[in-house]
Amino acid sequence: MNITRGSGRLMLFAGDKKMENLNIDFYGPGISPDDNDPEHLFRIASRAEIGCFATQMGLIARYGEDYPHINYLAKLNSKTNLVKTAQAEPVSSAFYSVAQVDEFRECSGLGIPAVGYTIYAGSEYEAQMLHEAAQMIYAAHQRGIISVVWIYPRGAAVKDERDPHLIAGAAGLGCALGADFVKINYPTNHADPKQAFKEAVQAAGRCKVLCAGGSSVDARLFLERLWEQLFVSGAGGNATGRNIHQKPLKEAIQMCNAISAIVVSGVNVNEALSIYSGRKEFKLKRNNVG
Amino acid sequence: MNITRGSGRLMLFAGDKKMENLNIDFYGPGISPDDNDPEHLFRIASRAEIGCFATQMGLIARYGEDYPHINYLAKLNSKTNLVKTAQAEPVSSAFYSVAQVDEFRECSGLGIPAVGYTIYAGSEYEAQMLHEAAQMIYAAHQRGIISVVWIYPRGAAVKDERDPHLIAGAAGLGCALGADFVKINYPTNHADPKQAFKEAVQAAGRCKVLCAGGSSVDARLFLERLWEQLFVSGAGGNATGRNIHQKPLKEAIQMCNAISAIVVSGVNVNEALSIYSGRKEFKLKRNNVG
Amino acid sequence: MNITRGSGRLMLFAGDKKMENLNIDFYGPGISPDDNDPEHLFRIASRAEIGCFATQMGLIARYGEDYPHINYLAKLNSKTNLVKTAQAEPVSSAFYSVAQVDEFRECSGLGIPAVGYTIYAGSEYEAQMLHEAAQMIYAAHQRGIISVVWIYPRGAAVKDERDPHLIAGAAGLGCALGADFVKINYPTNHADPKQAFKEAVQAAGRCKVLCAGGSSVDARLFLERLWEQLFVSGAGGNATGRNIHQKPLKEAIQMCNAISAIVVSGVNVNEALSIYSGRKEFKLKRNNVG
Amino acid sequence: MNITRGSGRLMLFAGDKKMENLNIDFYGPGISPDDNDPEHLFRIASRAEIGCFATQMGLIARYGEDYPHINYLAKLNSKTNLVKTAQAEPVSSAFYSVAQVDEFRECSGLGIPAVGYTIYAGSEYEAQMLHEAAQMIYAAHQRGIISVVWIYPRGAAVKDERDPHLIAGAAGLGCALGADFVKINYPTNHADPKQAFKEAVQAAGRCKVLCAGGSSVDARLFLERLWEQLFVSGAGGNATGRNIHQKPLKEAIQMCNAISAIVVSGVNVNEALSIYSGRKEFKLKRNNVG
Amino acid sequence: MNITRGSGRLMLFAGDKKMENLNIDFYGPGISPDDNDPEHLFRIASRAEIGCFATQMGLIARYGEDYPHINYLAKLNSKTNLVKTAQAEPVSSAFYSVAQVDEFRECSGLGIPAVGYTIYAGSEYEAQMLHEAAQMIYAAHQRGIISVVWIYPRGAAVKDERDPHLIAGAAGLGCALGADFVKINYPTNHADPKQAFKEAVQAAGRCKVLCAGGSSVDARLFLERLWEQLFVSGAGGNATGRNIHQKPLKEAIQMCNAISAIVVSGVNVNEALSIYSGRKEFKLKRNNVG
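Protein chains in written order, with numbering that gives the first Met the number 0: chain P, 0 to 289; chain H, 0 to 289; chain G, 0 to 289; chain L, 0 to 289; chain E, 0 to 289.
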């Protein structure tokens with residue numbers, strides 16, 4: 000798979016939050032003014048070393064023509080953050096079928112090697128989301144498209160979303176659905192999360208686990224935790240959004256590259272920090288992007 | 000796009016309220032008796048300078064034959080104002096598919112260069128409306144039809160519909176859906192709304208923002224605010240209904256022209272007022288309407 | 000349109016209440032024993048002068064073969080009167096598509112120039128009914144079939160179903176859907192209903208308004224009100240059921256003819272009463288029934 | 000119609016209760032041990048004189064090969080008795096389309112001249128069931144298949160399921176749907192039910208009324224009531240289950256034959272009792288079974 | 000049927016709990032560490048003597064290529080254990096159609112002779128699940144695929160899930176749906192469950208009953224109960240998961256073989272225990288696997 004550059008590990012740049020969190024992640028104190036322009040995401044994705052850039056088809060359709068060399072992941076469903084779990088059980092429906100993604104891919108000539116879908120396991124609408132995810136994965140595999148599922152246990156039935164055993168269950172669920180990658184939360188409710196996280200990685204079997212580095216703003220802490228997730232716990236990649244795009248363009252690109260250096264090339268944290276600070280260049284070996 | 004006459008800005012005449020507000024906007028004190036006849040809308044749209052006239056397909060089908068030169072926007076969904084948010088979460092479903100609009104367009108020979116859909120973000124039925132909107136936009140783009148989404152945060156989860164940050168989120172949502180234009184409310188809950196509104200315009204990126212001038216009855220105030228929205232905040236056009244069609248025919252046409260003069264030709268408020276008062280003529284350069 | 004005999008006004012004989020009101024309208028004190036046999040409706044419709052006979056497809060399928068010269072209106076949805084608004088929001092779904100009506104029409108050779116659908120505006124299921132009605136109208140027009148919508152504001156959100164302004168809104172809604180005729184209730188909650196009713200007729204524009212003569216049993220009062228609806232308020236026809244079919248066959252036929260004489264031929268109330276009492280014959284000029 | 004043997008009256012053997020009542024009707028005190036084997040139903044249906052045997056397609060598929068000469072009625076929907084009306088409004092969905100029944104009929108070579116569906120009128124899910132029933136009847140008639148609807152008023156809105164006027168409404172509803180037969184309950188809440196039942200028979204018009212003989216265990220009482228339903232009230236047949244299949248095979252067959260003798264041949268109760276007791280043989284004239 | 004090796008009895012190895020119970024059944028005290036790797040299930044299924052291995056299509060798609068000789072049962076629906084019955088009525092939807100299973104089967108070349116579906120009878124969503132199950136069975140039989148339904152009475156309406164009479168009803172329901180096998184719970188709420196269980200086996204008729212051996216950890220007790228279910232009560236096979244896969248690989252294989260020896264070859268409990276302990280080899284006669 001060219002999106003992992005042969006490493007088997009995926010650096011996923013998450014840019015789907017304009018729907019999920021509305022403008023909270025893009026404008027306000029501590030966020031670079033660059034980030035309020037949706038094109039910021041494309042500028043980063045096109046200049047940095049990433050595996051794929053996950054975002055909604057609407058954005059790909061609007062900006063893709065000017066950024067034709069990005070490997071896109073079309074995120075098929077999203078919901079806003081307005082309705083909280085205390086009000087109603089979480090649910091999110093696919094906007095498009097994989098067949099439509101494929102049709103768009105052909106018409107536009109863009110590279111969309113992957114699709115994604117979010118499941119709220121434990122929601123009373125779980126059955127609907129499991130169905131849509133299973134159909135997405137089935138249709139993706141028929142077409143040689145990579146499938147990624149975001150699985151978050153959520154709803155009145157879920158007391159602790161960060162419980163390691165529950166997160167491992169979510170990871171196993173991703174495997175049982177046949178996804179290529181499953182994005183789960185990091186089990187922060189545990190004395191030694193990096194050990195606890197191994198349960199999830201193992202439970203996912205051949206389905207690779209993506210994890211966020213957490214919301215830590217400190218770059219060293221963030222990269223250290225990422226390194227541990229990958230090389231202690233055995234994660235198959237990362238999915239990072241805010242820690243990248245809330246930075247000004249140049250710094251965002253350098254953060255992307257620092258992450259990729261760890262994820263794809265396996266460098267240590269100090270080397271990654273040099274890349275982040277701009278003291279060192281980073282370039283992945285290019286494969287043919289199909 | 001000929002509906003913007005090359006200006007990139009859209010003067011949208013909104014005539015979809017016979018469903019949305021039943022007869023409240025069309026009959027009663029302060030409303031011209033002309034307005035109770037649905038044909039009033041067509042008389043205005045056909046004689047005034049507008050970008051497009053947004054209304055339901057049913058009205059287009061019934062009157063379009065006699066008004067073949069209007070650029071129509073087929074509004075695909077609408078709901079009545081009867082069920083209030085306090086009673087039930089807002090929801091509105093598409094009446095027709097874009098394929099049906101297209102089929103009608105071909106049969107009737109009418110110009111319907113645009114389609115529209117309203118989303119109540121934050122409603123518990125949000126998933127259904129996001130799906131339908133995404134499908135409308137996808138199908139519209141396949142056929143070279145302009146797509147406009149009206150996005151109003153509404154429902155038990157929405158405490159303040161006029162919050163600037165939330166409105167900016169709605170604008171960004173329109174962009175993430177891939178719409179050409181997003182109609183949002185003006186962030187009146189802010190000390191300096193025209194500055195606050197810039198957040199939304201920027202968050203929408205390449206999706207252009209349409210805004211109502213507000214419910215102000217005073218023409219100068221109305222046109223001043225419109226001018227500010229466009230040339231201070233950077234809006235991509237307007238969507239105006241009641242401030243036009245509640246007036247007698249001649250005055251309604253002059254108001255349309257005054258608005259168009261600002262939106263499309265960028266004239267100042269005084270010049271627009273001259274047009275509104277009939278002291279000055281206004282004519283847009285005609286492009287070929289396809 | 001042959002169903003209006005060139006008058007532009009429609010005499011609709013409503014025979015859909017076997018579903019809507021179960022046996023309440025057909026059996027009991029003050030109702031002719033004739034009325035408990037469903038064939039009574041067909042006997043009336045076939046011998047009297049009517050514009051069209053509105054009933055369910057099931058009845059048309061069962062009796063139509065023996066009554067091939069009636070102009071039928073296939074009522075596509077109906078609900079029973081069992082679940083009251085206080086218990087649950089009103090909803091009624093289409094039993095058949097227009098394509099199926101058309102297919103049946105072709106197979107049976109029967110004349111079904113019109114279809115109908117009831118919408119409960121203000122119900123929480125309004126979106127579903129607006130969608131189905133819009134689809135019915137779209138499909139009917141594609142096939143040259145007349146469309147009639149019954150629009151009744153109903154549900155927890157509707158405080159006064161007979162409010163003139165609300166009824167005018169319902170009339171305008173029918174127009175916005177593109178229906179040929181809209182059946183609404185008479186605004187009895189008004190000092191001068193026949194003046195008040197004009198708001199509705201005007202709001203409906205080119206969509207013609209049908210109205211019931213009310214539940215008055217007195218023939219003169221009933222016909223007077225009908226005359227006023229048509230020639231004072233400007234209604235486009237009537238929809239009458241119980242005031243016809245609850246009478247014995249001969250009297251029912253004479254009532255039909257009296258109504259038609261007013262609606263289609265525009266006779267005055269005294270002349271209509273002569274027809275009703277049998278002192279005078281009434282025959283419409285026959286057009287070719289297609 | 001061969002299922003009525005030219006009498007116009009239908010002897011329907013109801014064998015759909017394995018879903019409707021689970022094992023309550025098939026195992027326990029007062030029930031023959033024979034009845035716990037599903038094949039018991041087929042043994043009866045194949046050896047007794049019946050019009051048709053109504054049961055689920057699943058059973059027909061499993062046993063039909065060994066009982067190829069039965070006239071089957073495929074019951075398209077069923078629900079279990081677990082969820083009571085006090086807990087939730089009753090609803091039952093079609094398992095198969097008529098097209099699938101037809102396809103199965105062709106593949107299996109079995110005789111399935113009829114289909115059936117249960118409607119709970121007055122349930123909040125009534126709209127869904129009316130739609131499915133109407134579609135079943137439409138599709139059945141296209142294919143020359145007899146349609147039977149079971150209509151039971153039920154739900155929070157129904158205070159008295161045995162009210163004669165309400166039952167007559169259900170009968171009329173069956174007619175308005177276009178069904179060939181409507182199975183309704185007997186109006187036991189009336190001083191003279193056999194007179195009261197006439198209202199229903201008449202209200203059903205050309206749709207024939209089927210009625211259960213009631214739950215009476217005494218054979219004479221059961222057969223007397225059946226005779227009255229048919230020849231006093233004018234019913235078009237019977238639908239009997241438990242009073243047949245809870246008996247041992249031989250007695251069950253004799254009960255079937257006694258019922259058929261009344262329904263199809265119109266014998267009196269004494270003669271039917273002779274058949275039931277085995278003192279007399281009963282054989283219907285065989286028509287060609289198509 | 001080759002999955003019963005001609006015995007008419009099915010040894011079903013249940014491996015669908017990664018969705019149903021998340022990671023609870025796969026990781027924790029008393030569970031072999033082997034079990035946290037999803038491949039453990041495939042290792043067992045490929046080396047042990049089993050009738051079929053029931054699991055989700057996603058797992059089959061991911062691992063099947065390396066385990067091409069297993070007879071798979073594609074479990075079409077599953078739900079997580081997060082939402083408890085006290086919170087919401089149980090519901091589970093099919094992820095795939097049988098047509099998709101068939102298509103996958105053809106593309107992959109894997110042996111998938113069976114499909115399965117779980118129904119929660121007595122849930123308020125029962126109608127939806129009965130519909131999906133009936134459709135699965137219909138489509139499976141068209142293609143010569145074996146159908147298995149898991150039927151568990153569950154929901155607010157079900158007071159005692161282990162009531163023998165209710166379980167017999169579930170068994171009969173499986174038969175009425177036309178399934179080949181029905182998996183039900185063992186009626187532990189009875190003084191003599193193995194006698195009580197006969198009611199269910201008989202009620203299922205030609206639909207064969209599968210039963211779990213129970214959660215007993217003691218091998219002798221487990222195998223004794225299994226033997227009784229089969230040879231006292233007349234069950235048509237077993238469905239066993241945790242009692243197999245929670246053991247280390249070698250022991251799991253031996254347990255599988257011990258179960259198969261009882262189910263398929265009908266050995267006694269002592270002989271089965273010898274196989275489980277490894278003192279004796281067990282090999283089924285191989286048929287051609289199609």
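Don't read these hints as lab results, they were simulated from the structure.
Be careful, since some hints might not be right.
Because identical chains cannot be distinguished in the list, a pair is counted as satisfied if it fits within a single copy or across any two copies.
30 Å max Cα-Cα, derived DSS-like pairs, lysine-lysine [said to hold, decoys possible]: (1) K78 <-> K158; (2) K83 <-> K279; (3) K158 <-> K249; (4) K158 <-> K193; (5) K197 <-> K249; (6) K83 <-> K249; (7) K158 <-> K83; (8) K83 <-> K282; (9) K78 <-> K282; (10) K279 <-> K78; (11) K158 <-> K279; (12) K193 <-> K282; (13) K158 <-> K282.
Evaluated hints:
no., hint, in the structure
1, K78 <-> K158, "both (21 Å within a copy, 18 Å between copies)"
2, K83 <-> K279, "neither (43 Å within a copy, 53 Å between copies)"
3, K158 <-> K249, "neither (40 Å within a copy, 37 Å between copies)"
4, K158 <-> K193, "within (21 Å within a copy, 40 Å between copies)"
5, K197 <-> K249, "between (34 Å within a copy, 24 Å between copies)"
6, K83 <-> K249, "neither (35 Å within a copy, 48 Å between copies)"
7, K158 <-> K83, "both (15 Å within a copy, 13 Å between copies)"
8, K83 <-> K282, "neither (41 Å within a copy, 50 Å between copies)"
9, K78 <-> K282, "neither (35 Å within a copy, 44 Å between copies)"
10, K279 <-> K78, "neither (39 Å within a copy, 49 Å between copies)"
11, K158 <-> K279, "neither (44 Å within a copy, 48 Å between copies)"
12, K193 <-> K282, "within (29 Å within a copy, 44 Å between copies)"
13, K158 <-> K282, "neither (43 Å within a copy, 47 Å between copies)"
Going down the numbered hints, you'll see the structure goes against 2, 3, 6, 8, 9, 10, 11 and 13, while the others check out.
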